[in-house]
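Order-wise, the sequence lines are chains A and B.
Residue numbers for the first sequence follow the numbering used here, beginning at 1 and rising by one.
Residue numbers for the second sequence follow the numbering used here, beginning at 1 and rising by one.
Watch out, some of these pointers could steer you wrong.
Calculated cross-link-like contacts (lysine-lysine; reagent style DSBU-like; alpha-carbon spacing at most 30 Å) [as the list claims (entries may be wrong)]:
| id | chain 1 | residue 1 | chain 2 | residue 2 |
| --- | --- | --- | --- | --- |
| 1 | A | K203 | B | K73 |
| 2 | A | K109 | A | K63 |
| 3 | A | K203 | B | K26 |
| 4 | A | K203 | B | K36 |
| 5 | B | K73 | A | K135 |
| 6 | B | K26 | B | K36 |
| 7 | A | K67 | A | K109 |
| 8 | B | K36 | B | K59 |
| 9 | A | K63 | A | K203 |
| 10 | A | K203 | B | K59 |
| 11 | A | K15 | A | K67 |
| 12 | A | K198 | B | K59 |
| 13 | B | K73 | A | K67 |
| 14 | A | K171 | A | K67 |
| 15 | A | K171 | A | K109 |
| 16 | A | K171 | B | K59 |
| 17 | A | K171 | B | K36 |
| 18 | B | K26 | B | K59 |
| 19 | B | K26 | A | K171 |
| 20 | B | K36 | A | K135 |
| 21 | A | K198 | B | K26 |
From chain B, some residues computed to sit far from chain A (all C-beta separations above 10 Å) [to be verified]:
| id | residue |
| --- | --- |
| 22 | M1 |
| 23 | R4 |
| 24 | D11 |
| 25 | R16 |
| 26 | V20 |
| 27 | P22 |
| 28 | K26 |
| 29 | L42 |
| 30 | T51 |
| 31 | E53 |
Calculated directly from the structure, the hints in this document are not laboratory data.
We put the beta carbon where it would ideally sit given N, CA and C, even for glycine.
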Amino acid sequence: MELEGSVALITGGAKGLGLAIATYLHERGAKVVVADLDAEALAALPENMDGRVLDVTRLDDAKAAVKEIIDRHGRIDVLVNNAGVIYSEPMVNIMNPSGMMHDYSRFRKSVTVNLDSVFIMSSAVVEQMVMRRTKGVIVNISSISACGNEGQTAYSAAKAGVNAMTVTWSKELGMMGIRCNAVSPGFIDTISTRNALKDSIVKHIVSNTPLRRLGRAEEVAQAVASVINNDFMNGVVLNINGGLSL
Amino acid sequence: MNQRLASVLADVFELRPDQVVPDLTKDNVGSWDSLKQMDLVLSLEREYGITLEFSDIIKMNSVANIIEVLTSKGVGLGT
Chain A
1 MELEGSVALI TGGAKGLGLA IATYLHERGA KVVVADLDAE ALAALPENMD GRVLDVTRLD
61 DAKAAVKEII DRHGRIDVLV NNAGVIYSEP MVNIMNPSGM MHDYSRFRKS VTVNLDSVFI
121 MSSAVVEQMV MRRTKGVIVN ISSISACGNE GQTAYSAAKA GVNAMTVTWS KELGMMGIRC
181 NAVSPGFIDT ISTRNALKDS IVKHIVSNTP LRRLGRAEEV AQAVASVINN DFMNGVVLNI
241 NGGLSL
Chain B
1 MNQRLASVLA DVFELRPDQV VPDLTKDNVG SWDSLKQMDL VLSLEREYGI TLEFSDIIKM
61 NSVANIIEVL TSKGVGLGT
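If we strip away everything but chain A, and leave its shape as in the complex, we get (with noise of 0.2 Å):
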């Protein structure tokens, strides 16, 4: 699919790696639609990318937005399924004695924010391309957690659950001419993740790393448009992270 003239809807889009997408796509001639929680971030998108505010993770709220956009744009041609929140919790905790194991609810809070949304998402959004009978492309951002990290079950599995959804969808919806693919980026040096990782934590990660680097977030989101643009490519996670998973 060529990105010029394309209409593509970014969740978690405002900011960090989701406007680093936002942005890259826009470059290219893409007609840029950032759905996100943060109305303050929204507000500050340049001139000519459209920004709502929408929770992801509320599937009314979601057709809704989606309707509206089809209705001002005519179409939604790309859906990348950016929006998400890094959460670290260990599944045992022996210095909380009292709280030791990793908490239920923040377990199904972050497999809410990090799966469900994408099938929210990608669930009003496709209903909408298979009732129109236009084809299209989901972009899924996964993350080199899909394999496991230590310290983040709930994010993990989340992760996981995308990829395996990315590949159903290749499967059920290729034939509909949508397509469905996942960038599954490795440690990108962003403000998050340096608010996440101690100093000696990226150390090591880059010390592990082929590459010897973190990412940069444009590589992700070239990844992202090889994705959309490459039409035979489809069930595809595909990795950036610098060999790190090898």
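Given chain A, work out where chain B should sit, using these hints.
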């Protein structure tokens, strides 16, 4: 039944030619699920060079209704 249509139905639902009869419906063909429905739609579009609307797709739940939809699209289905 029109042989061309029967051939499409046999391919999509993996039926022997003698199993393709006019009274087939979604309820009496075990393999007729939602994925096969999309397969059917795309096969018919390819075979007859037509485009089916969403309303056509949900209507096509029996051979009789498929014939009705195809006829409405100007497809000739004489034997």
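Outcome of the hint check:
Among the hinted pairs, K203 of chain A with K73 of chain B is inconsistent with the structure: their alpha-carbon atoms are about 65 Å apart, more than 30 Å. With a C-alpha separation of about 21 Å, the suggested pairing of K109 of chain A with K63 of chain A holds against the 30 Å cut-off. Of the supplied pair hints, the one linking K203 of chain A and K26 of chain B is violated, its CA atoms being roughly 60 Å apart against a limit of 30 Å. Annotation: proposed proximity of K203 of chain A to K36 of chain B is violated, straight-line Cα distance about 52 Å (limit 30 Å).
For the hint linking K73 of chain B to K135 of chain A, the alpha-carbon distance of about 22 Å falls within 30 Å, and the restraint holds. About 10 Å separates the Cα atoms of K26 of chain B and K36 of chain B, which keeps this hinted pair within 30 Å; it holds. For a cut-off of 30 Å, the pair hint linking K67 of chain A to K109 of chain A stands: about 26 Å separates their Cα positions. In summary, the hint linking K36 of chain B to K59 of chain B is supported, as the alpha carbons are separated by about 14 Å, within the 30 Å threshold.
Under the criterion of a C-alpha separation no larger than 30 Å, the hint pairing K63 of chain A with K203 of chain A is inconsistent with the structure, at around 43 Å. With a C-alpha separation of about 60 Å, the suggested pairing of K203 of chain A with K59 of chain B is violated against the 30 Å cut-off. With a C-alpha separation of about 24 Å, the suggested pair K15 of chain A and K67 of chain A falls inside the 30 Å cut-off, and the hint holds. For the hint linking K198 of chain A to K59 of chain B, the alpha-carbon distance of about 59 Å lies beyond 30 Å, and the restraint is violated.
Distance hint between K73 of chain B and K67 of chain A is fulfilled; the C-alpha atoms sit about 29 Å from each other, no more than 30 Å. A C-alpha spacing of about 26 Å is found between K171 of chain A and K67 of chain A, which places the hinted pair at or below 30 Å, so the restraint holds. Between the alpha carbons of K171 of chain A and K109 of chain A the distance comes to roughly 28 Å, so the proposed pair stays at or under 30 Å and holds. In summary, the hint linking K171 of chain A to K59 of chain B is supported, as the alpha carbons are separated by about 24 Å, within the 30 Å threshold.
Proximity of K171 of chain A to K36 of chain B is assessed by CA-CA distance (about 13 Å); at most 30 Å being required, the pair is judged to hold. For a cut-off of 30 Å, the pair hint linking K26 of chain B to K59 of chain B stands: about 11 Å separates their Cα positions. Annotation: proposed proximity of K26 of chain B to K171 of chain A holds, straight-line Cα distance about 22 Å (limit 30 Å). The straight-line distance between the Cα atoms of K36 of chain B and K135 of chain A is roughly 19 Å, inside the 30 Å bound, and the hint therefore holds.
A threshold of 30 Å between alpha carbons decides the hint, and for K198 of chain A with K26 of chain B the separation of about 59 Å lies outside it, so the pair is violated. Here M1 of chain B stays apart from chain A, with its beta-carbon at least about 25 Å from theirs, past the 10 Å limit. Once the 10 Å rule is applied to beta carbons, R4 of chain B is consistent with being away from chain A; the minimum gap is 21 Å. Taking the minimum C-beta to C-beta distance to chain A, about 14 Å, the non-interface status of D11 of chain B holds against the 10 Å cut.
Listed as a non-interface residue, R16 of chain B keeps its Cβ farther than 10 Å from every Cβ of chain A; the least gap is roughly 24 Å. Here V20 of chain B stays apart from chain A, with its beta-carbon at least about 21 Å from theirs, past the 10 Å limit. Its beta-carbon lying about 26 Å from the closest one in chain A, P22 of chain B satisfies the requirement of being farther than 10 Å from that chain. For K26 of chain B, the shortest C-beta to C-beta distance to chain A comes to about 18 Å, beyond the 10 Å cut-off, and the non-interface label holds.
Residue placement check: L42 of chain B does not keep its beta carbon more than 10 Å from all beta carbons of chain A (closest about 6 Å). For T51 of chain B, the shortest C-beta to C-beta distance to chain A comes to about 7 Å, within the 10 Å cut-off, and the non-interface label is violated. Once the 10 Å rule is applied to beta carbons, E53 of chain B is inconsistent with being away from chain A; the minimum gap is 7 Å.
The structure fails to meet hints 1, 3, 4, 9, 10, 12, 21, 29, 30 and 31 from the earlier list, while all remaining hints are met.
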